[in-house]
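Protein chains in written order, with my numbering: chain A, 1 to 407; chain P, 1 to 407; chain L, 1 to 407; chain X, 1 to 407.
Hints listed in this document are in silico derivations from the structure and should not be mistaken for laboratory results. If you're wondering where the values come from, they're calculated on a predicted model, not measured in any experiment. It is possible that part of the hints are untrue.
To be verified - The list that follows gives simulated cross-link-like pairs (lysine to aspartate or glutamate, EDC-like), each with its CA atoms no further than 20 angstroms apart:
no., chain 1, residue 1, chain 2, residue 2
1, P, 317, A, 21
2, X, 202, A, 83
3, A, 317, P, 21
Spelled out, the chains give:
Protein chains: 4
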Amino acid sequence: MQNKRKIINDPVFGFINIPSDFHYDLIQHPYFQRLNRIKQLGLASLVYPGAQHTRLQHSLGAMHLTSEAITQLRSHGHEITEDEANGVLTAILLHDIGHGPFSHVLENIITKDISHEEISMLMMQKINAEMNGKLELALSIFTNKYKKKFLHQLLSGQLDMDRMDYLRRDSFYSGVTEGNIGSARIIKMLDIKNDQLVVEAKGIYSIEQFLIARRLMYWQVYLHKTAVAAEKMLNNILQRAHELAMNGTTLFASPSLHYFLYHNVSKKIFIENPEALEHFALLDDSDLTSAIKVWASHPDIVLSTLSHSFTNRKLFKIIIGDNLSFDEKTEEDLQHYSHTYNISKEEARYFVASGMVSSNTYKADDDNINILYKDGSTKDICAASDMLDLSILSRKIEKQYYCYLRK
Amino acid sequence: MQNKRKIINDPVFGFINIPSDFHYDLIQHPYFQRLNRIKQLGLASLVYPGAQHTRLQHSLGAMHLTSEAITQLRSHGHEITEDEANGVLTAILLHDIGHGPFSHVLENIITKDISHEEISMLMMQKINAEMNGKLELALSIFTNKYKKKFLHQLLSGQLDMDRMDYLRRDSFYSGVTEGNIGSARIIKMLDIKNDQLVVEAKGIYSIEQFLIARRLMYWQVYLHKTAVAAEKMLNNILQRAHELAMNGTTLFASPSLHYFLYHNVSKKIFIENPEALEHFALLDDSDLTSAIKVWASHPDIVLSTLSHSFTNRKLFKIIIGDNLSFDEKTEEDLQHYSHTYNISKEEARYFVASGMVSSNTYKADDDNINILYKDGSTKDICAASDMLDLSILSRKIEKQYYCYLRK
Amino acid sequence: MQNKRKIINDPVFGFINIPSDFHYDLIQHPYFQRLNRIKQLGLASLVYPGAQHTRLQHSLGAMHLTSEAITQLRSHGHEITEDEANGVLTAILLHDIGHGPFSHVLENIITKDISHEEISMLMMQKINAEMNGKLELALSIFTNKYKKKFLHQLLSGQLDMDRMDYLRRDSFYSGVTEGNIGSARIIKMLDIKNDQLVVEAKGIYSIEQFLIARRLMYWQVYLHKTAVAAEKMLNNILQRAHELAMNGTTLFASPSLHYFLYHNVSKKIFIENPEALEHFALLDDSDLTSAIKVWASHPDIVLSTLSHSFTNRKLFKIIIGDNLSFDEKTEEDLQHYSHTYNISKEEARYFVASGMVSSNTYKADDDNINILYKDGSTKDICAASDMLDLSILSRKIEKQYYCYLRK
Amino acid sequence: MQNKRKIINDPVFGFINIPSDFHYDLIQHPYFQRLNRIKQLGLASLVYPGAQHTRLQHSLGAMHLTSEAITQLRSHGHEITEDEANGVLTAILLHDIGHGPFSHVLENIITKDISHEEISMLMMQKINAEMNGKLELALSIFTNKYKKKFLHQLLSGQLDMDRMDYLRRDSFYSGVTEGNIGSARIIKMLDIKNDQLVVEAKGIYSIEQFLIARRLMYWQVYLHKTAVAAEKMLNNILQRAHELAMNGTTLFASPSLHYFLYHNVSKKIFIENPEALEHFALLDDSDLTSAIKVWASHPDIVLSTLSHSFTNRKLFKIIIGDNLSFDEKTEEDLQHYSHTYNISKEEARYFVASGMVSSNTYKADDDNINILYKDGSTKDICAASDMLDLSILSRKIEKQYYCYLRK
């Protein structure tokens, strides 16, 4: 159809071509359009106000890079058929459709035992049914059942196009320019060896920089203290709302948010009851943002205090340290809140939170980055690099934090 | 207080310094934080998916440029006292707080006879009262009552810092890179003559480019056909919702949106009844986005059809032409919708819209751009430029359009 | 050969692919490598110190854009065979090889009646002979003898890839960011109609902006007063050196520079005597820069004064005005120099210069920009644009200047 | 003087302000202007054709960043007087004036036992004498004799403004975008503790990234194999030319290049004989480039072969490995060249080269990066970072190479 808009402006990559009418239709699907109402970085936008970009843009960007990677791999003589190319482009385009509002926040609270990847899967299956099985190959690649394993690695692996896009994009929009990675250079160095993605030896420095930039983005942006505090606050708000709902309290909510607040929706229900997925597909950031503003005037002092503070960016204060040192302060704080707000200590627990953020930059065991030498041999990046040290890169960094309502 | 975060990351300008604790408090004010939930470009983000930036960022950026302009003007020996600097920085920071959801869309529909500038004014007065009159000077500059007229020009005029920021920022986020303007160069060329902002003669080419880039951004982004179609669709949705509400139909809405749907809120009410402003201050993009998704299942076929289409980006089709040619098609379309949806022709009118977009790049009469020569004389840019022609630049371009629901 | 480097890093476009081994060999040809020693912007680098980029980079960039344009045109269904693609890529790659040191400066002084285009032609013919006729098609396109006329337009015309590259590149390197053009967008809008390059109607605003940005770059960069003054100074230095040489004075010079200083090399000689082209092919910016530094200590007071001033950036002062007003000042200045330096008034003439810079943004007569409408009709941009006015755009702007040695 | 141009366009930082008339005069000094004829990256421009930027630009950029660092440090309450600010700005502006053509290449060949820092010092002293002692404070800071040691650290140390500029600038111009560093963020985190520059704790990740980016730039750009090969080739050319010169062979050369070719200029001579410095101050890239082109036709087969190859970018081939493995190949190669070119094996040595490139990212012993915690304590970055490991970062990486003329 000549009418379908084939080029999308993207501040990061210039122009993104939609590869086919089929992909255009996928982009126009309500499941996909929903991603335009979910921020890629969730609450990190409260720290980096420029970072308002959405999962829709990210998905388009990842598709764009995948198509560049395909061109690159084909230029090395590796066969990727048109069907396979379409399949992997479809899979990367849809890899995030199962994300809920504010990305990961809703997980583990309202949708208890089902991951966003599993929901993505359910949604892709639904679209597949609507489209008469046109997504079969994409699903096969997505679930890593397809014979050519490197195609799956393009969407999920140490060097997947998902990361290539989000690191560049998040760096661009947050203004943390030094988190920028050389995605174009890395893609130009990609090759395949034994059905695995590998990187030519002269790309070693770019890979090192990629790993370090990723680490920077984790601590500087994704796990920024203030973003973590905001996330815990939102967590507590939703948990309190859920508790009130299950006790029969009336809460303002859009019907779909209402559904998740007033039910315990398990994985089993998601699979068996189509209603769950239907409601999920109607949820986005706006339902929560709008409801929480209303909850700021709710009679429940716990819910209203948290909601009011959250809406007006009076976020939890957060301190980093070790757990032991938090105990005393927690006790004091709970007493303070209990007394000040005239609530039980149990209820006061909603005004504090603790936990651990952790990041390990590189895990060689599950999926490693292999460097390809001119003689055809390969080595893990940690062995190949004279600088990176597996023992350090794979060391899991953990930071314990405690956060609490401003007094 | 040493704890106040003084630097904000901005992808456009790098870092933005918050000039003082007072400005930090203004930024933390709920009225200002609300701007972080209102997109700068409203529905143009449906055309340019990168353009998700908010009015909050724009306001910070405009403040940043204003502080650079102050430095520049002082370096030419013009006195701007600390109080005046604070005043103009405050005024530019708050100049947009009166904007409603999706920027201009709500105006003229729900808030009928009051402009966003007037609401900004009401809000600034409210903050002024809360802050014991600390905004007096800012208000005086904002309303152009202050003796030094050039200070007002920094916030509102042909070369104000509002435009300097939004043109660069909208170009950056939309990816329409050729709409970029030389804001830094223009600011370096600013001077004052007879209490008016003027531009040094060697800045003529930058001013020409600024006017042309602004024109490009108007037609390419702000008045993009698809964005106009989306805006008219949202318009019709809200008008239908308002009509239904006034007839007593039940509609899902947050309490504050409810207030505006179920009342005719005039300027008089805004001024006399504090409730109006309170509700307005709680409205943002999320209330509309969330409600419209719910309305997609409303029993009213007109509201649900429009809301469903809007949410899933099945926007009005739009054609440009002259009014006469639209009449016949309109008639046909109304008949079609009336028949297809089994609704009255009156109701079918919600499925179409027509109007005119217009832009005139430069109006020399209300406020002109003056070029300063080395001999101290000044000339209007149209006289100074060998290329620009007043008759052309000030010619009002008007385009009539007609849009209608996809069949 | 697997050893040939196929990707070149380019700060403007990211990566540039060398399309084939044949083009790699052309790039490695001494004639082409010479371009890496000739600055694209000549003396404008004295005003914009960032603008040190070379004609080699520009040529690679123009080739890159041409290959994007070919992809675009093919996607519209226009046939461009592999041979034709190779031909036009070759032609654009080599279009500038005939440029002399400091670009245009040497023309009209030392090489009197032969243009750089004619020298490019001679060099391409020489390479063609060396390469057994592999450049035949490229030559045919270059000289506009090839049947498909639009191929020639890609290298020479109102919207050629030469301009697309140099405007973006010069804007990038000079830091005059507002001179940036939407080359990617314009290329995406290219089509062919009646064997002519045309631009889709929705690209009108980009074309307007392109014309205006080009105009900005002319006045802000290419014809910058200080750059013009530097160019006239270099002119006078070479003319004086040539005069001294023809009178038998000894001058330091590399053998190839020596050849042009001590002969009057006409077009006829260029064609008939291979020695001329050989020497020309060994000349670049370094020969002049190095020699002029040496001339700063030459016994001839005129040559040494000019050379010393030039080397140490004590450039001519320049004033813009009308010729009449210059006469009196010229007379005074000549007297002053004649007296101060104890030279004849004839010799003093080397210390002043006058002339006219002119630019007309758009000449519709020789080659126009045609806009293609959906109904298949075309219109000249001046008729299609509601803003541009042929009478204004095609008006030739002329500025008279006078420059003179600082006293 | 109101006529002095106070703003310089810079593609990296936008605009650079010249802080005072005094600094303007320094910039106009012939010694400083010479830097505009010396490429910052020397022969790396043969690999990265975009990297043509000069030492002049770099020096201006480093001055710009220093003035930002001064503003930052003052905002923390540290006193830096106007005189001290002027002194450190002067010192950083002039820190590179002693560099010879192609940066380091000439060192150790022609100027045997004097470093470019020592020549910078001699030149600054000369300017100081011309300017009646106005550079005294700058000299005192430059030589680290000034009481406030942190001022010297701004120009020479692990986090000096020299590196901050060159890493960003070289990344920008080479197009190796992932080598970009967060110079603005690092400067915002600078503080002083015990008269030492320190970085606030929240800047740790930026410092890690800075160290890694620097490492990337070393291996990807500064020590790029092809750049090293080119440098060795230039080395051998100059050594051969020097040898021929000392044997009385006639060589084309500008008088200043002639001086260094036909003398053994030691440090002693530099200090005692003003002629040496005068000649050095007239040397730049153009003298070598121009001469080597001429030498390509010299009767000496060694000099002409190398010069011809160099000029036409037929650079040495280079292999990385260990020394032992090179011995056999070297022997073979020497025999080949000796036979092919009919030269002695001694002469054939000019057609090969070997050596070692090494880089250690961080040496904690000479000057370390200290992190400042909120409690006022400081730690070395290696102790503060959970990722960086002193043993790894300070490990000296050495790579042995062998390069030889293409056959």
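How the hints compare with the structure:
no.	hint	in the structure
1	317/P with 21/A	holds (19 angstroms)
2	202/X with 83/A	violated (49 angstroms)
3	317/A with 21/P	holds (19 angstroms)
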